[in-house]
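With the sequences and hints as input, model every part of the structure.
Take a look at the letters that make up each chain.
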Amino acid sequence: MTSDGAVVQLTDAVALVGGFPALAGATLTLQSREVVGLRGPNGAGKSTLLRLCAGLVALRRGSGEVLGCDLATRGGRRAVRRSVGLLGHETSLYDDLTVAENIRFWSGAHRADDDDAGAAMDHLGLSGRLADVPVAGLSAGQRRRTAIAVVVARRPRLWLLDEPHAGLDSSGRDLLDRLMLDAAASGATVLVATHDRGRIDDVLTRCVEVEGGMVRESVDG
Amino acid sequence: MGRAGLLADAALIFKKDLRIERSSKVVTVQVLPFAVMTLILFGFGISPDARVLLGSEESRTVLAQVTPGLIFIAVLFSALLALGRSFGVESSDGTLDGLRLAGLDPAGIFLGKAAAVMVQLAMVSAVVTGGAFLLFSVDVGWSPSRAVLLVTTVGAATTGIAAAGTLYGALAAGLRVRDTLVPLLVIPVLAPVLLGAGQAADAALFGAVADGWPWVGALALFALVYVGVGILSFESLLEDA
Numbered sequence: 001m002t003s004d005g006a007v008v009q010l011t012d013a014v015a016l017v018g019g020f021p022a023l024a025g026a027t028l029t030l031q032s033r034e035v036v037g038l039r040g041p042n043g044a045g046k047s048t049l050l051r052l053c054a055g056l057v058a059l060r061r062g063s064g065e066v067l068g069c070d071l072a073t074r075g076g077r078r079a080v081r082r083s084v085g086l087l088g089h090e091t092s093l094y095d096d097l098t099v100a101e102n103i104r105f106w107s108g109a110h111r112a113d114d115d116d117a118g119a120a121m122d123h124l125g126l127s128g129r130l131a132d133v134p135v136a137g138l139s140a141g142q143r144r145r146t147a148i149a150v151v152v153a154r155r156p157r158l159w160l161l162d163e164p165h166a167g168l169d170s171s172g173r174d175l176l177d178r179l180m181l182d183a184a185a186s187g188a189t190v191l192v193a194t195h196d197r198g199r200i201d202d203v204l205t206r207c208v209e210v211e212g213g214m215v216r217e218s219v220d221g
Numbered sequence: 222m223g224r225a226g227l228l229a230d231a232a233l234i235f236k237k238d239l240r241i242e243r244s245s246k247v248v249t250v251q252v253l254p255f256a257v258m259t260l261i262l263f264g265f266g267i268s269p270d271a272r273v274l275l276g277s278e279e280s281r282t283v284l285a286q287v288t289p290g291l292i293f294i295a296v297l298f299s300a301l302l303a304l305g306r307s308f309g310v311e312s313s314d315g316t317l318d319g320l321r322l323a324g325l326d327p328a329g330i331f332l333g334k335a336a337a338v339m340v341q342l343a344m345v346s347a348v349v350t351g352g353a354f355l356l357f358s359v360d361v362g363w364s365p366s367r368a369v370l371l372v373t374t375v376g377a378a379t380t381g382i383a384a385a386g387t388l389y390g391a392l393a394a395g396l397r398v399r400d401t402l403v404p405l406l407v408i409p410v411l412a413p414v415l416l417g418a419g420q421a422a423d424a425a426l427f428g429a430v431a432d433g434w435p436w437v438g439a440l441a442l443f444a445l446v447y448v449g450v451g452i453l454s455f456e457s458l459l460e461d462a
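For the protein sequence lines, the chains are E and L, in the order given. The C-terminal position of the first sequence is numbered 221 in this note's numbering, with every residue numbered one higher than the one before it. The C-terminal position of the second sequence is numbered 462 in this note's numbering, with every residue numbered one higher than the one before it.
Watch out, some of these pointers could steer you wrong.
Sample of chain E residues lacking proximity to chain L, with all beta carbon distances greater than 12 Å (derived) [said to hold, decoys possible]:
| # | residue |
| --- | --- |
| 1 | 25 |
| 2 | 92 |
| 3 | 139 |
| 4 | 174 |
| 5 | 185 |
| 6 | 209 |
| 7 | 211 |
| 8 | 216 |
Okay, the calculated bits of chain E under chain L, using three or more residues with CB under 8 Å as the criterion [stated by the list, open to error]:
| # | region |
| --- | --- |
| 9 | 80 to 89 |
| 10 | 99 to 113 |
Don't read these hints as lab results, they were simulated from the structure. Just so it is clear, CB atoms sit at the ideal spot from N, CA and C, and this is done for glycine as well.
Next up, the structure:
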């Protein structure tokens, strides 16, 4: 938490991706138990904003604190990574390992409990025959479910989700929505980049618009 | 993070990389045959009838004479494939980001990946050495001291190759030109390993065993330096990848 209790506190944050200012002065505050949507056109800076909050992109100008860690320092960025769960466009899964091996490996890497890993697999419907299937043999939706299970097993304090519904079928989308609500109810904060309109609005506490690397507006969901 | 955490992280990465190899069999099905084919090509390139005089009456085939060097050239070329694979699995689908997010000790990641590459190269070295003896009809008057020197040479050389290769593999991990850049970076750096391993193996096979140990010392020093540099610098390399 930051000094005023915010989970995320960005002020005029500037971040570069390949020398280009993908974030050009973003200001955003997130409180505990919020589920906040990030909307904006392609290339607006949504993914960079999520990666900045995850400590994977350096803060070049402005100030940024996530879960009490200063994003301007390398130590702060390393520290915040252990407390966030990032689900990006890429799933961070090893093609040659099975679903169960992937989830066990990432749970071990995150020092997560074995029971939590098992429970996450059950919850995402991955415990049956899918558990022993190499990830390379999964459909896009099954792959997405596996990546979500990795995040769930970690019990992160801040969920950072980039188009998480992509590739999921209707039941998978409903399940993900419930997971986001459950996470917020248990005290976590969820920041989700999405192009969806309609059904996800019921899940969101509020929504912010990102355009040209700036957070344009904030409206209640 | 303490030493126990570092070793636990190294063990996690080591087991994961060997599990990936068990499943994909890239080393056994691609790298090993590549190493054997390299040896066979050496056999085509050097006449099996050509001989070198060792004294007034004694002679040996050129192929047998250069076998120590050929073994480690084949191992070095195979190492380039193994290293490419080791970082290829981390560059696809954001797994490198996953490792950074996990908060694993970067030194542990380095040690785990280098150890996995070392095990794979040790396997390649064993097959290449056996294959070279068979293909090139190398006649060695074996003794325990010769065997110990040869095994220690292979161990020190593969450790150095794995450590330096993992370091440079990480340096190029995030680049689109990784596959072509790693050989350019690694081959000049590993030239001293080729020299030392060739000399030590030559002493183990044909010369005085005592002449080989100083070369093994040099190989061990090379490995130690690169393991140390890797432990100290892997965090920066991982951040910039």
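Status of the hints after comparison with the structure:
no. : hint      : result
1   : 25        : 24 Å, holds
2   : 92        : 3 Å, violated
3   : 139       : 15 Å, holds
4   : 174       : 26 Å, holds
5   : 185       : 24 Å, holds
6   : 209       : 26 Å, holds
7   : 211       : 25 Å, holds
8   : 216       : 27 Å, holds
9   : 80 to 89  : holds (count 6)
10  : 99 to 113 : holds (count 6)
Comparing the model with each numbered hint stated earlier shows that hint 2 is the single one that does not hold.
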